[in-house]
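Given chain A, put chain B in place with the hints provided.
Chains as they are written, first to last, in this note's numbering: chain A, 1 to 115; chain B, 1 to 109.
Everything labelled a hint here was simulated from the structure, so no lab data went into it. Heads up, a few of these hints could be off.
Claimed, not checked - Restricting the straight-line Cα-Cα distance to at most 25 Å, the calculated cross-link-like pairs of lysine-lysine (BS3-like) are:
id	chain 1	residue 1	chain 2	residue 2
1	A	K70	A	K57
2	B	K67	B	K26
3	A	K57	B	K68
4	A	K83	A	K14
5	B	K59	B	K37
6	B	K37	A	K9
7	B	K96	B	K68
8	B	K67	A	K57
9	A	K70	B	K96
10	A	K9	A	K71
11	B	K96	A	K71
What the hints assert, rightly or not - Reference listing, derived: stretches of chain B covered by chain A, where coverage requires no fewer than 3 residues with Cβ under 8 Å from a Cβ of chain A:
id	stretch
12	9-19
13	88-97
Positions of the beta carbon are idealized from the N, C-alpha and C atoms, including for glycine.
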Amino acid sequence: DGGITQSPKYLFRKEGQNVTLSCEQNLNHDAMYWYRQDPGQGLRLIYYSQIVNDFQKGDIAEGYSVSREKKESFPLTVTSAQKNPTAFYLCASSPSGRAGANVLTFGAGSRLTVL
Amino acid sequence: QQPVQSPQAVILREGEDAVINCSSSKALYSVHWYRQKHGEAPVFLMILLKGGEQKGHDKISASFNEKKQQSSLYLTASQLSYSGTYFCGTVDSSYKLIFGSGTRLLVRP
Chain A
1 DGGITQSPKY LFRKEGQNVT LSCEQNLNHD AMYWYRQDPG QGLRLIYYSQ
51 IVNDFQKGDI AEGYSVSREK KESFPLTVTS AQKNPTAFYL CASSPSGRAG
101 ANVLTFGAGS RLTVL
Chain B
1 QQPVQSPQAV ILREGEDAVI NCSSSKALYS VHWYRQKHGE APVFLMILLK
51 GGEQKGHDKI SASFNEKKQQ SSLYLTASQL SYSGTYFCGT VDSSYKLIFG
101 SGTRLLVRP
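The following block holds chain A by itself, in its conformation from the complex:
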């Protein structure tokens, strides 16, 4: 079955450490996205990529980095520069980034807790 796989599901990190969240899709989608969700809050866009080897910052990119070396993979690194990284992270993909063709399919999410 096609879908998006995020790993790990739960992750604990000490302050000052970088962590990388994995996102893999087998839907053959061109566009991929990372969103952050805080308790009781909406989804805020961190980074998005409409094509391999290209990505753009979203609204809250500071303290995060991404890469898009393969179509199916879009890992997110939460760096030590991110001051408040504890959150639920959702990866999503869409057939393309064009309006009307960007219906998102979400992964199950990764919950990051900084100790």
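Below, chain B without anything else, positioned relative to chain A:
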């Protein structure tokens, strides 16, 4: 830039109706609606592409007023399964999908 949703929360009895509104300060290309159950990923409900377009599935429908840069989600004869948080997402000329802060819906027996 983030669309504004209202109300923030609503409690219904099974069988009652509800309307959730979403408005933007920017001209929109499309409006999306998603529902998220607690602890789960959001699930796509519908997308509206044209001004004045209305869509529906089951007893959930939506409208898009392009001129007013607004969309509304209508839940008719609500069921227990409708409980969750509803998000609208808007796409403007940047092609980024930006979500509102969500509306929590609780349907009680």
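Cross-check of the supplied hints:
1. A C-alpha spacing of about 18 Å is found between A:K70 and A:K57, which places the hinted pair at or below 25 Å, so the restraint holds.
2. Of the pairs offered as hints, the one joining B:K67 and B:K26 holds, with about 10 Å between alpha carbons and a cut-off of 25 Å not exceeded.
3. Straight-line distance between C-alpha atoms of A:K57 and B:K68 comes to about 28 Å, which puts the hinted pair past the 25 Å bound.
4. At most 25 Å may separate the alpha-carbon atoms for a hinted pair to count; A:K83 and A:K14 meet this at roughly 12 Å.
5. About 18 Å separates the Cα atoms of B:K59 and B:K37, which keeps this hinted pair within 25 Å; it holds.
6. This hinted pair checks out: B:K37 and A:K9 have alpha carbons roughly 17 Å apart, not beyond 25 Å.
7. Taking the CA atoms of B:K96 and B:K68, the gap is near 20 Å; set against the 25 Å cutoff, the hint holds.
8. In summary, the hint linking B:K67 to A:K57 is not supported, as the alpha carbons are separated by about 29 Å, beyond the 25 Å threshold.
9. Between A:K70 and B:K96 the alpha-carbon distance is near 21 Å, which keeps this suggested pair within the 25 Å criterion.
10. Distance check on the hinted pair: A:K9 and A:K71 sit about 22 Å apart at the alpha-carbon level, within 25 Å; holds.
11. Between B:K96 and A:K71 the alpha-carbon distance is near 19 Å, which keeps this suggested pair within the 25 Å criterion.
12. Only residues whose C-beta sits within less than 8 Å of a C-beta in chain A count toward coverage, and the stretch 9-19 of chain B has 0 of them, not enough to reach three; the restraint is violated.
13. Only when three residues or more bring their CB closer than 8 Å to a CB of chain A does the claim for the stretch 88-97 of chain B stand; here the count is 5, and the claim holds.
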